[in-house]
Amino acid sequence: MEENLKQLKLVDLHGGCIPGEHLDTPIDYESLKAIGSMMGSGGLIVMDDTKCMVCLAKFYLEFTVSESCGKCTPCRIGTKRMLEILERLCAGEGSELDIYKLEKLAVNIQKSSICGLGQSAPNPVISTMKYFREEFREHAIQKECKALECKAMSKIIIDEEKCKGCGLCQKHCPVRAIKGEGREKRIIDQEKCIKCGTCLTSCPFHAIGN
Amino acid sequence: MENELVNLTIDNQKITVKKGTTILQAAKQAGIDIPTLCFLKDINEVGDCRMCIVEVEGRKGFATSCIQTVEEGMVVHTHTPNVLEARHVILDLIISNHAKDCLTCTRSGNCELQSLAVKFNVLNVEFPGEMTKHKIDDLSPSIVRDFNKCILCRRCVAACKNVQKIGAIDCINRGFESCISTVGDHSLNDVNCTFCGQCIEACPTGALHEKETIDDVWVKLKDPDTYVIVQTAPGVRVALGEEFGMEIGTNVTKKMVTALKRLGFDKVFDTNTGADFTIMEEANEFVERFKNHDHLPMITSCSPGWVRYIEMNYPELLPHLSTCKSPHQMFGAILKSYYAKKEGIDPSKMYVVSVMPCIAKKFEAKREEMQNDGLYDVDNVITTRELSRMIKQANIEFEKLEDSEFDLPMGDATGAGAIFGTTGGVMEAALRTAQDTLTGKDLEKIDFEQVRGGDGIKRATVNIGGKTIKVVAASGLANAKEILEEIKKGKSDYQFVEIMACPGGCVMGGGQPIKSSRIRSRSRCKKTKS
Chain A
0 MEENLKQLKL VDLHGGCIPG EHLDTPIDYE SLKAIGSMMG SGGLIVMDDT KCMVCLAKFY
60 LEFTVSESCG KCTPCRIGTK RMLEILERLC AGEGSELDIY KLEKLAVNIQ KSSICGLGQS
120 APNPVISTMK YFREEFREHA IQKECKALEC KAMSKIIIDE EKCKGCGLCQ KHCPVRAIKG
180 EGREKRIIDQ EKCIKCGTCL TSCPFHAIGN
Chain B
0 MENELVNLTI DNQKITVKKG TTILQAAKQA GIDIPTLCFL KDINEVGDCR MCIVEVEGRK
60 GFATSCIQTV EEGMVVHTHT PNVLEARHVI LDLIISNHAK DCLTCTRSGN CELQSLAVKF
120 NVLNVEFPGE MTKHKIDDLS PSIVRDFNKC ILCRRCVAAC KNVQKIGAID CINRGFESCI
180 STVGDHSLND VNCTFCGQCI EACPTGALHE KETIDDVWVK LKDPDTYVIV QTAPGVRVAL
240 GEEFGMEIGT NVTKKMVTAL KRLGFDKVFD TNTGADFTIM EEANEFVERF KNHDHLPMIT
300 SCSPGWVRYI EMNYPELLPH LSTCKSPHQM FGAILKSYYA KKEGIDPSKM YVVSVMPCIA
360 KKFEAKREEM QNDGLYDVDN VITTRELSRM IKQANIEFEK LEDSEFDLPM GDATGAGAIF
420 GTTGGVMEAA LRTAQDTLTG KDLEKIDFEQ VRGGDGIKRA TVNIGGKTIK VVAASGLANA
480 KEILEEIKKG KSDYQFVEIM ACPGGCVMGG GQPIKSSRIR SRSRCKKTKS
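Chains A and B, in that order, are what the protein sequence lines are. Numbering-wise, the first sequence is residues 0 to 209 according to numbering that gives the first Met the number 0. Numbering-wise, the second sequence is residues 0 to 529 according to numbering that gives the first Met the number 0.
Chain A on its own, in the form it takes in the complex:
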């Protein structure tokens, strides 16, 4: 588990996401604030590398967008624009410019919103961008989500070397996207594939990956 530990997260919807290297940080107000997170209600979520940080930031933004009261401009329109950018990144339609825009919006919304909700709304984005910036770049430039969470971008492929032609993946695929008969090596039809990941877990030879 420890080598996969990608992120430590204090469960507060406005809190920050921090990477595994800060595992030894004491859980108190000052220490967490110093590394860009916050105490919140004191809860903690631990995630491994199957969790996409861009998706996580998007999830938090969805919350603030729906909770915004709509009174002040930065929170009402700004958080919505941030969410739209994150949605673009997750759909593989983002660009490097989007990362810059996201950062600019985040900093300014934080400083100019009228209440605590708007002021802390960008926190999850700011902290994920601080510690997991490479992941944002992968989404924006290489159009790649290594955690396989952004379905629009992930491509599941079967390693020809490792495949033994057992057909278990084919049997479990809910949309019949895997071709091949008998002992033939199996191939995934990318058009049909819904990136559910069922085949990944069903392969006894770890031949399927992205």
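Source of the hints: derived by calculation from the structure; they are not laboratory data. Mixed in with the good hints there might be a few duds.
[As the list claims (entries may be wrong)] If you anchor each label on the Cβ, the simulated ranges turn out as follows:
1. A/R175 <-> B/N81: 54 to 60 Å
2. B/N120 <-> A/Y99: 17 to 23 Å
3. A/I44 <-> B/N120: 42 to 48 Å
4. A/T24 <-> B/N81: 26 to 32 Å
5. A/I140 <-> B/E3: 42 to 48 Å
6. A/I44 <-> B/L83: 34 to 40 Å
7. A/Y99 <-> B/K17: 40 to 46 Å
[Claimed, not checked] Quick partial rundown of chain A residues pointing at chain B, CB under 8 Å, derived from the structure:
8. H21
9. L22
10. G69
If you're wondering where the values come from, they're calculated on a predicted model, not measured in any experiment. Ideal Cβ placement from N, Cα and C applies to all residues, glycine included.
Starting from the known structure of chain A, fit chain B onto it as the hints suggest.
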């Protein structure tokens, strides 16, 4: 305590201001301008647009200068690169959710958002995205609401709720879906809106505007078989000049008459003539009712926004209302009967246009009872703003026009009607006539006692023919409400009440030129009286 002073530094300038002053006011005193958008002095001070943010040393986020009061030793920076960037982002976000059809917008050139965009050199929208979509509400005869242009500054809400105490509109939904709407999201036509138009005067963009009807006027002007008569209210002549860059309150009566004649109107009349009739009628009605103690106090009925207000909110007090039509309606009726007969014009070929400082009059003219033999007294009501657009459309250089005089339908107007435009005017004119009718003598000057700041409510006691008459004039529906409550509770000892729907009277009507929040003031009222 109130005179306690506070020392602070704004942009390295040390100043001393009274305790309770906002940073925005303090900066103004120091000669420093901070941009604002949702701020409307004394009306809307909520700090929701965030354009006026400033940096205060020792504070984490930005401070909202329009609502944040000064503190001893405060160090404020109004134009740091960080503040400028944040303001630019905020403005960009507002524009990103604003219909950008400026070329075809009625407020183009007079839009506060547009002037900020110019000031901030917004050349493209940096953060484009989904835009909220709203249906345009144009069902009422007076107001069009296009919330695709709304920036949610809530100035209209404040004007309706706080100034007029109506509350026909407010913010509904939340977050990105927030919008200004009515109860049940109905059209303004179907709710308790009085069509006073103060929301239009408050709107910084083109989200609220009058229902424009100048195209119909142009059609009639082109038609050789139609006899097109125009009448103009007293409030128009002191405001029209503003649309052509003249000083607030400049009287442009004679240039306006020339312009109207150039536009092709067959006759240009003064609504003051109509006001004379109203005064005669109203004074006689008052004398009768005073003698018979019939439903006193008698309340004036010249302001159609006010009439709609009492109809909707205090129907039980309707018998107190004078039975007179408003001056322009009365004049329209006379033009289509007496004048048409006298001049040998077929009334059905006659088209009467009223130029009014009011948008409620658009609604009034279309009321069922405002017609005779199937003909409306007044066919079309246009606002001061619409007239200025017609003059601009016709490419008339207004400032350079020579003077002309009104046409006289039946001799001269007395001039008594001229004071109709300001609060207290209708009553004063009627009382003078009442005095004359009863005693044959002139009335001494009425000394109004200001009840509170401005001229919201003013009272006076006059002596007519040995009888003491207590009168009160109120402008603004919030003040009207106070007086109606007094009458309702039987606490009122007045005999005559004048009410105008708009605060300050007709000169501050909903059809008048819209001034930016930065120079908006009551100076037009003061100029009209002098």
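Verification of the hints:
1. A/R175 <-> B/N81: 54 to 60 Å: holds (57 Å)
2. B/N120 <-> A/Y99: 17 to 23 Å: holds (20 Å)
3. A/I44 <-> B/N120: 42 to 48 Å: holds (44 Å)
4. A/T24 <-> B/N81: 26 to 32 Å: holds (29 Å)
5. A/I140 <-> B/E3: 42 to 48 Å: violated (59 Å)
6. A/I44 <-> B/L83: 34 to 40 Å: For A/I44 and B/L83 the Cβ distance comes to about 38 Å; the hint holds.
7. A/Y99 <-> B/K17: 40 to 46 Å: holds (45 Å)
8. H21: Because about 23 Å separates A/H21 from the closest Cβ in chain B, which is outside the 8 Å limit, the hint is violated.
9. L22: With Cβ-Cβ at 28 Å, over 8 Å, it is violated.
10. G69: holds (3 Å)
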